[in-house]
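Novice: Produce the complete structure using the sequences and hints provided.
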Amino acid sequence: MKSSKYRPIIRRFCRHKMAVFCLALLTVLILMALLAPVISPYSPQKPTGQFNQPPSAQHILGTDRIGRDMFSRILYAMRVSLLVGFLATAISTVIGVLLGLVSGYFGGAADKIIMGFTDMVMSFPYILLVLVAAAIFRPGMWSIILILGFVDWPGVARLVRGNVLSLKQTNFIKGDVTAGMPRRYILFSEILPNTIAPVLVYATSVFAISILDEAALSFLGMGVQPPTPSLGNLLNGAESLSVLTGKPWLWLPAGAVIVLLAVCINFVGDALRDAFDPRNS
Amino acid sequence: MTEPVLEMRGVTKRFRVSGENSLFGKNFAAVRDVSIQVMPGETFGIVGESGCGKTTLVRLLMCIDRPTEGEIRFQGRRIDNIKEANRRALRPWFQMVFQDSGSSLNPRKRIADILREPMLYHGICDAASVDARVDKLLVQVGLTPAMRDRYPHEFSGGQRQRICIARALSLNPDVVILDEPVSALDVSVQAQILNLLRDLQERLGLTYVFIGHGLGAVHYMSHRIAVMYMGRVVEMGPSDTLFDRPAHPYTKALLDAAPVADVSLRGRQRVQMAGELDAQAARDGCPLLPRCPYARKGCETQGLELLEVDGRLTACGRMLELNDGLREER
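Protein chains in written order, with the numbering used here: chain A, 1 to 281; chain B, 1 to 330.
It should be emphasised that the hints constitute simulated quantities derived from the structure, not laboratory data. Hints are not guaranteed to be accurate.
[As the list claims (entries may be wrong)] Straight line, CA to CA, 27 angstroms or less: simulated DSSO-like cross-link-like pairs of lysine-lysine:
#: 1; chain 1: A; residue 1: K168; chain 2: B; residue 2: K109
#: 2; chain 1: A; residue 1: K174; chain 2: B; residue 2: K83
#: 3; chain 1: B; residue 1: K83; chain 2: A; residue 2: K168
#: 4; chain 1: A; residue 1: K247; chain 2: A; residue 2: K46
#: 5; chain 1: A; residue 1: K174; chain 2: B; residue 2: K297
#: 6; chain 1: B; residue 1: K136; chain 2: A; residue 2: K174
#: 7; chain 1: B; residue 1: K109; chain 2: B; residue 2: K83
#: 8; chain 1: A; residue 1: K46; chain 2: A; residue 2: K112
#: 9; chain 1: A; residue 1: K112; chain 2: A; residue 2: K168
Specialist: Below is the structure:
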């Protein structure tokens, strides 16, 4: 019963060859991040004694200026970046969905207040808001997660609100009202499942953006603090011209991983949108 | 005498319309002083062109809106002023079938779930017997139990409307309000659905309120008809009486507007209404006055009250008078 419910969704997803490939790649990357303690050849923090080594059989991605193995550091950095991206997305999606549901379904004063607040948050220059928040709170992984989570929700809230407003006009919601169904049923069993698909698609792009934002903030020194590696603060080394031009192994792999993650997540998101729509038989 | 199952007494519904010339906007009455009685087991038809107040009337009957004046009774009990919670408990007795069957079913749910959930919530049956009841409902509306696990988009428009009917019936309602249930369907499918509805009425003893703008379907379905114009009932009576001998010029115009298959009737004299309905125009006399080809002196001050003429209630007897006149001339 359960499996047959999801089979058509999986089938529609599989029609996107690129997305399937990206999902496989994403799975490999996530597995590598999860299994970092097992597969990393060296400790990400401890110097190995060999400084600024270009890639070799011993250190496949070389070592940095204090002699840490770059491959191990990237594996651990992926863990941090993925965790930041995932939790920030989860927080902003939950906030956005709840506010959007309340705003769209109840309307009136609640709608005006929530949407006014949403517009206010949206009208701040995003990166400035994040930077100021990062400066006020002590920079670190958890403050980054909270900051991104509490700044990214307006888009989701608006999306959900718009969806709820149009769903409220459909006859099946009117039919529920005439059938005397309770409000919680209408909200959570009828409206919410019909907004899940667009929210999920939107969430994938927020996930990608969060990873990029973490990288940007860490690159600027406001994010995850060294020695904890993150994809952003690995790029930090590229601030110096000699590293940028002479030692590409210090920043190229980290940059490539960021691009791969962002691209893969977006492709998967696109395929998900089509897969969730039962009209795309 | 039997009690009416559904009754409206002097119901008026006003909405605020933001006006251009007045600071506070003005009141606009979408339904004015409507009194109807729906008897158990009958089909009560309501016809009128778009904008005549049909939709508002349905919303009032379904307790979605409250009337500004007047009262609505269901089985003798007032339902227009009861609390929301009690109203919710009352709702299963009233069900509705909408015009657009495409948006009447949640696209993400299987037919079985759509039918199952309201029945479980209202305790019509328990988890053990609900599946059997779903199958029975599907058979009742002319579908097969094998279709229970399909999604709404896998059905045709007519089949979807059957599912909507099954959903309405699932709560064992006394009254089903049919809001133009066949207007969106093919003519051949229309007849099937109408026959199904009549069949179900006979078997289950249902009472229908049938809303439509096409007189053909309404006449076929209804025992009695109310013709609405600008929020008022202008003529009300037995279906055949209104059809064969309309008394109000507006009823006659509605009849004449419907296409007739008989070629020999092509040249017949028709009543045509000039212009369009202006729902916002307020006046004291007959609401039809600016459009009526038979208007005469005195119409400005009359034509609001329903009088009993020739076995029906009507606001105007002009058509009957004219017919009598023709007969005398001959």
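Novice: Now tell me if each hint is right for this structure.
Specialist: Verification of the supplied hints:
1. K168/A x K109/B: 17 angstroms, holds
2. K174/A x K83/B: Holds: K174/A and K83/B sit about 19 angstroms apart, inside 27 angstroms.
3. K83/B x K168/A: The given pair, whose Cα atoms are some 22 angstroms apart, holds under the 27 angstroms limit.
4. K247/A x K46/A: Holds: K247/A and K46/A sit about 20 angstroms apart, inside 27 angstroms.
5. K174/A x K297/B: This hinted pair is violated, its Cα atoms lying about 46 angstroms apart.
6. K136/B x K174/A: Distance ~24 angstroms between K136/B and K174/A Cα, so the pair holds.
7. K109/B x K83/B: 31 angstroms, violated
8. K46/A x K112/A: The hint is violated at about 54 angstroms.
9. K112/A x K168/A: The hint holds at about 18 angstroms.
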